[in-house]
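Visitor: Protein chains in written order, with the numbering used here: chain A, 356 to 852; chain B, -5 to 386.
Bear in mind the hints are in silico, worked out from the structure with no lab data behind them. In this text, a Cβ means the ideal position worked out from N, Cα and C, and glycines have one as well. Mixed in with the good hints there might be a few duds.
Covered stretches of chain A (chain B as the covering partner; in silico rule of three or more C-beta atoms under 8 Å from a C-beta of chain B) [as the list claims (entries may be wrong)]:
(1) 519 to 530
(2) 614 to 627
(3) 653 to 663
(4) 737 to 747
(5) 761 to 771
Listed below are several chain B residues computed to face chain A (Cβ distance under 7 Å; list not exhaustive) [as the list claims (entries may be wrong)]:
(6) S236
(7) P285
(8) G319
Residues per chain are reported as follows:
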Amino acid sequence: MSLVMPTPDFSVIARRSEIVAALRTIVSGEGVIDSPAELRVYESDGLTAYRQPPMVVVLPETTAQVSAILRWCHAEGVKVVPRGSGTSLSGGALPLADAVLLGLGKFKRILEIDYSDRLVIAQPGVTNLAITRAVEGNGFYYAPDPSSQIACSIGGNVAENSGGVHCLKYGLTTNNILGVELVMMDGEIVRLGGRQLDPAGLDLLGVVVGSEGLLGVVTEVTLRILPTPETARAVLIGFASVEEAGKCVADVIAGGIIPAGMEMMDRPAIHAAEAFVNVGYPLDVEALLIVELDGPEAECDFLIGEVERIALADGAVSCRISRDESERLAFWAGRKAAFPAVGRLSPDYYCMDGTIPRRRLPEVLQRMNALSLQYGLGVANVFHAGDGNLHPLILYDANVPGELDRAEAFGSDILRLCVEVGGVLTGEHGVGVEKRDLMPVMYSEIDLAHQQRVKCAFDPKLLLNPGKVFPTLHRCAELGRVHVHHGRLPHADLPRF
Amino acid sequence: MTGRPAIRPSSVDELAAVIGAAGRSGTRLEIVGGGSKVDFGASREASLLDMTGFSGVVDYDPAELVLTVGAGTPLVEVQALVASEEQMLAFEPFDMGPVYGRPVGASTIGGTVAAGTAGSRRLSRGSVRDHLLGFEAVSGRGERFIAGAKVVKNVTGYDLSKLVSGSWGRLVALTQVTLKVLPRGRVTTTLAVEGLSPVQAQAAMSRSLGAPLEIAAAAYCPRGLGRETSLTALRLEGFPTSVQARSGALRHILVGFGRTHVMEEADRFWHDMMTVSALPADLPLWRLNVPPSALCSVVEAMEPVGAQWLCDWAGGLVWLALADGEQRVRDAALAAGGHATLVRAPEAMRARVCALQPQSPGVTALEQRVRRAFDPAGVFDTGRFADSTHAD
Chain A
356 MSLVMPTPDF SVIARRSEIV AALRTIVSGE GVIDSPAELR VYESDGLTAY RQPPMVVVLP
416 ETTAQVSAIL RWCHAEGVKV VPRGSGTSLS GGALPLADAV LLGLGKFKRI LEIDYSDRLV
476 IAQPGVTNLA ITRAVEGNGF YYAPDPSSQI ACSIGGNVAE NSGGVHCLKY GLTTNNILGV
536 ELVMMDGEIV RLGGRQLDPA GLDLLGVVVG SEGLLGVVTE VTLRILPTPE TARAVLIGFA
596 SVEEAGKCVA DVIAGGIIPA GMEMMDRPAI HAAEAFVNVG YPLDVEALLI VELDGPEAEC
656 DFLIGEVERI ALADGAVSCR ISRDESERLA FWAGRKAAFP AVGRLSPDYY CMDGTIPRRR
716 LPEVLQRMNA LSLQYGLGVA NVFHAGDGNL HPLILYDANV PGELDRAEAF GSDILRLCVE
776 VGGVLTGEHG VGVEKRDLMP VMYSEIDLAH QQRVKCAFDP KLLLNPGKVF PTLHRCAELG
836 RVHVHHGRLP HADLPRF
Chain B
-5 MTGRPAIRPS SVDELAAVIG AAGRSGTRLE IVGGGSKVDF GASREASLLD MTGFSGVVDY
55 DPAELVLTVG AGTPLVEVQA LVASEEQMLA FEPFDMGPVY GRPVGASTIG GTVAAGTAGS
115 RRLSRGSVRD HLLGFEAVSG RGERFIAGAK VVKNVTGYDL SKLVSGSWGR LVALTQVTLK
175 VLPRGRVTTT LAVEGLSPVQ AQAAMSRSLG APLEIAAAAY CPRGLGRETS LTALRLEGFP
235 TSVQARSGAL RHILVGFGRT HVMEEADRFW HDMMTVSALP ADLPLWRLNV PPSALCSVVE
295 AMEPVGAQWL CDWAGGLVWL ALADGEQRVR DAALAAGGHA TLVRAPEAMR ARVCALQPQS
355 PGVTALEQRV RRAFDPAGVF DTGRFADSTH AD
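Put together the whole structure using the sequences plus the hints.
Guide: Here it is as structure tokens:
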């Protein structure tokens, strides 16, 4: 594995039994896990290429316990890695050999549902889908729907600013969150945001969402719920070229239509998905669009007609409109099964997550195919076409020596390409450890230093989830006094971890 | 505009040099765009840093839904540009100028971002912070940096765009902003119900927003304020067939509350909401941000002491005019679970009362550390938000 994590502090590991004992004074019984066999359960998250059993796992049940754990670790200089359901695709919850893994899995209660103000207050371990399940009987839902929604926790969604297929219209987590209770590394408990729309001062909530567990531990979340749209219909459109499909996406949006979802698949992904779920995807096309419209029935009918008209004008070779709910779900079944379907093509696959300006799509796909030939590894593409968020799936076999390294190098090249054309390293999966060392491709040392100083304002001893997001080790005192000339920092040879 | 010394940099390098030098010499700088909001907060002595030199469109591709402009670009120019492509800034920028008796249209886009104030559509589409995708700025350290990006979906690194939205020039001087733009509704219809009490109006708005009607804005003006009867207004936007269908469904909901009609002078009504012109211009003006269901408790607390008010955001935003009694306003906002901003007041009152509601000691300390992270020497500490409890 090419990833280098911070060198473990062996003086901390040597104190392991003392640390376990101290945690047991805060959380009793099975809430502290230290047996090697049980620790292995926590050795990785959704990015399974990287594994590291934690020093110890603690599973508190109350905010007071979280606060006491963090206060003790802060005083003793012990690192902490927070974890929700462990579904991160970027290694955000990857344990460290010398850190306490703080699991929020026992925070599983929905505390309040307020239909009058259209909000839910939930503990962080509640799953994303459980929020919708709790309110759907009253005609409401929680909009962000990451594909892992059956398992991923709402606290993890806050940490990662999770998206989903509906975020072009309904926003990411950050646009659907009103407030959090946050425990900082020194144990202090603060409330950011609330039940109202705007903050009283600086939007600290806004910077906590998406901070990947580096700024604090969320122990309560207040989120907005929305009335469930009256109808949803989907249209399946096939194109003879990716260019035409891309033009159709741009024309739909330029036509003033923001679909609830707009997904694209390329030929390899279409074939893999169809072979897996047999939903009737056309196999003679180079690109397939799924466009979903929601709202009142009259609106859906009208917009479906508009999308069809635009698609045919852009050269669509097939166009199918869902006739009923089961057909709409069938259209989605292929897309939602795309990852496991591609997984059948190859022993392993590596999912990437860059975003590009949509207008550069044909060029990016062309260059990705060239890279595929260069690395000798296949690639299938599914993407959230409406917002330009690509998910190339690189096919490899981890049992073939060197293939994982090649897949990672290929993935890095794809992300560099995304940034080169004006895009970003990650649209929704987060930086974590996976894209950490690529951050300088997108941001200069000065840009990153401005972000890292925010970290220092929340966690000056850098004890919370270290080794994630930022590629270069800077002590906070050092960041405070650095003088930069022409974008070059002194001590450019400082160790990079 | 105030007789204070002003500097107008014309390049990012020059701006960085000015801010860097201010940090070394202990000079304080107040960042100014169009000057529409200079009467917000305590009066101050800081030199003015005029940002209007950073003006103009950098990149705009309507089909990408992304617009990048210089922060000093006049807001009206930005709005005219996106309107020419049938698009909009969906948060409905709130131009504070008219609240201070200044003309409409003086604000810059950078000032709008720095104030973080959105208009009536904030209820459905979010605020400035939800549409700022990225920016270029010079921090109080005198260093140019960028954050975020120029695409609509991005989670790379900390979301500093949220932090600078509504930061009131206390962290950075913005030079360039990238905003998400959205298609403009082809038609707009406002349904109005007359004569509802605040309790009934709150219930009507809550019921309507709990139905899948995508209500764009919801406001309430009580009786008085030049009105014979109260007015509850709900706005729908979108494609004609959709607005027609939703309007029918909304009427069905509202019929239980009172006689419902399509408002004829709706543009005027919403414009008046945005200028808060119904409230007396010679009284201090407060902006209370509360949970919508708390509207009635705020009204019950404030009407007995003579407050005049109206509300937007389905009750979540209460505009309140009151001669004095600032503690009462702040207590009512806090009791409702929200906070109160002093938007307009005589100079003496602004010197005494912090414009922003003081927060818990923990949050205040955290804010202070975040400010020092961007501005270690306090270049942007102008005293604008100073009061006895808020060392600035």
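Visitor: Hints numbered earlier in the text: which of these fail when held up against the supplied structure?
Guide: 2, 5, 8
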